[in-house]
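Student: Chains as they are written, first to last, in our numbering: chain A, 1 to 101; chain B, 1 to 287.
In case anyone wonders, no lab produced these hints; they're calculated from the structure.
If a hint is listed, it holds; no wrong ones were tucked in.
Far from chain A, by Cβ distances over 10 angstroms, these chain B residues were calculated:
| id | residue |
| --- | --- |
| 1 | Ile-21 |
| 2 | Met-75 |
| 3 | Glu-102 |
| 4 | Asn-103 |
| 5 | Thr-146 |
| 6 | Cys-154 |
| 7 | Asp-169 |
| 8 | Ile-179 |
| 9 | Gly-198 |
| 10 | Glu-199 |
| 11 | Lys-200 |
| 12 | His-223 |
| 13 | Leu-252 |
Which chain B residues face chain A? A few, computed with CB under 7 angstroms, are given here:
| id | residue |
| --- | --- |
| 14 | Gly-217 |
| 15 | Pro-219 |
| 16 | Leu-271 |
| 17 | Cys-275 |
| 18 | Leu-276 |
| 19 | Ser-278 |
| 20 | Phe-279 |
| 21 | Glu-280 |
| 22 | Leu-281 |
| 23 | Thr-282 |
| 24 | Trp-283 |
| 25 | Met-286 |
Quick reminder that beta carbons are idealized off the backbone N, C-alpha and C, glycines included.
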Amino acid sequence: MKNPPVLIKSIKQKDNHVFTVDWSDNISKEYRLSSLQKNCPCAKCYDPTSGKQLTSGADLDVNVRAAQIKSVGRYALKIQFSSGCSRGIYSYAMLRSLESS
Amino acid sequence: MPLKMFQAKERQPEQSHPGKIAHILAVAAGKGGVGKSTVTVNLALALKQAGYSVGIMDTDIYGPSIRKMLPEDEMPVQKGEKLSPAICRGIRVISMAYFRKENEASAVRAPIANGVIAQFIHKVDWGYLDFLLVDFPPGTGDVQLTLSQQAGLCGAIMVTTPQEVAVLDVRKAVHLFDIVNIPIIGIVENMSYYENKGEKIYLFGKGGGERLAHEIGTPLLGHIPIDPKISACGDAGLPLFTDGEPLSPAALAFTELAEAVVAHTTALKRLSTECLPSFELTWKEMS
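Build out the structure end to end from the sequences listed, making use of the hints.
Tutor: Below is the structure:
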């Protein structure tokens, strides 16, 4: 039997650059906005065929902030960043695979 | 010999089986020909094999096909006001097919079809079930609305095939469930590929199910391959898991689909109690 999918119990802003997520399996993780933007999964920033990130880290603002974070269905979230690409849909599976910031 | 149908005597209550059925799930597409009934039957068999008690409500009044794929061991029985469902390999089934000869058309107008569906919902004594799968008819009309409003659905499984023309109609069905606030449990991509000597050939294109799942924000529950055994077992009324090959790619795909359905349905239940069904975090300036 596959494990049931993990879901978000709570999501909170920690400071100007970081938010925290409490997952349904009682794991808490912190996510830095700039790290997420660096791993943006949108079609312009990420090539699924080669598995390579197309955006260069040099173009990104390490102090990027957010305007809003919204859920997408039951499986992902979307971040409106203060600058740079905001097209990415960050699946819960992807967020769980990232190291806590 | 088809069974006689009885006229319902009184107005039906809104919900007639609270607590007796743990999960009532729609299997829908908005389109005909994508394999809703095939997915319903094999998903039910896979759930049964995993130890769950399962029922199927075949609500396709005009073209019921479940009975052909899942022949009855016991016919439905009328007990006073209630109807006991047919028993087919341990799965409880109700279908219009029991009330018509195999080649006889159900030439009834929508209000009559709706009345039959209401009787299926309210007058069938299912007993306790872990899962009742409601095989939706194609389209987004009267019967689909009745089911959405009265059947006590806790979620919907959307079936599509990979090509865009199928995905287009599934989007409309998704919209119907949005309107009536029934969560989509996930997408099943049927007829995903044909496997020839280990090579997967994508006859109808690739990625339609993934794109739809991504677009509407639901999980992709599984890919079902094109496998002649699926149609052969369906036509012969034999289960894919024992009379086919239990470890065939098709049987494995349905077993994995059943696991995903159980996992996501459980998660959906938990979601309604302890997790955030949706959220919107507005960023603030912090010192």
